[in-house]
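In this note's numbering, the protein residues as written are 74 to 244.
Treat the hints with care, as some may be off.
[As the list claims (entries may be wrong)] Pair by pair, the computed Cβ-Cβ distance ranges are: (1) Glu-215 x Gln-179: 23 to 31 Å; (2) Glu-215 x Ser-144: 16 to 24 Å; (3) Gly-193 x Ser-88: 41 to 49 Å.
Don't read these hints as lab results, they were simulated from the structure.
Beta carbons: idealized from backbone N, C-alpha and C, even for Gly.
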Amino acid sequence: MSSSIVIRPEASADSQAIETVTVSAFLEAPHTSHNEQDIVRALREAGALTVSLVAEDSGVIIGHVAISPVSIADGAGGWFGLGPISVRPERQGTGIGAALMRAALQRLRDLGASGCVVLGDPAYYGRFGFRAEPSLVFPGVEAAYFQAQSFTGRLPQGVVTYHPAFYASFH
């Protein structure tokens, strides 16, 4: 990753650039309904972007990560869902996504979060401390692809529900 990359919180003027990055990042991706930009927009409009960070290179936004609250059936509080995370296709594989992940997880810890869940490739997210946890369930998804990381050592139990904005589709 270039030393000119800056990871910073989303600013109000960033929304269109974030949408452009998100669309391009998922354009050729498998296992997507191509509504990630709609999810980010709906989370923002609902005031549910707990953490929204951008990666910027020479003033140009090249990556973004969103984190929003989740609910867990056992009532455990302080849990969040990571995603979507996006990096412009031509910059993927250069460490930008990893830098966004590390910064987002640190921000959650700084906020006193209990933990974080993510839906995605275990080989990728495992590098950041995520692992499949049988006590947490996201219906309709193969268990290995739904992973969690506890910041407190306590793992809640039950079905995980993302914010309603996660089910957004505007196109």
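To see whether the hints hold, each was checked on the structure:
For Glu-215 and Gln-179, the Cβ-Cβ distance of about 29 Å falls inside the hinted range of 23 to 31 Å, so the restraint holds. Between Glu-215 and Ser-144 the Cβ separation comes to about 21 Å, which falls inside the hinted range of 16 to 24 Å. The supplied range of 41 to 49 Å is broken by Gly-193 and Ser-88, whose beta-carbon atoms lie about 24 Å from each other.
Hint 3 from the earlier list is the only one contradicted by this structure; the remaining hints agree with it.
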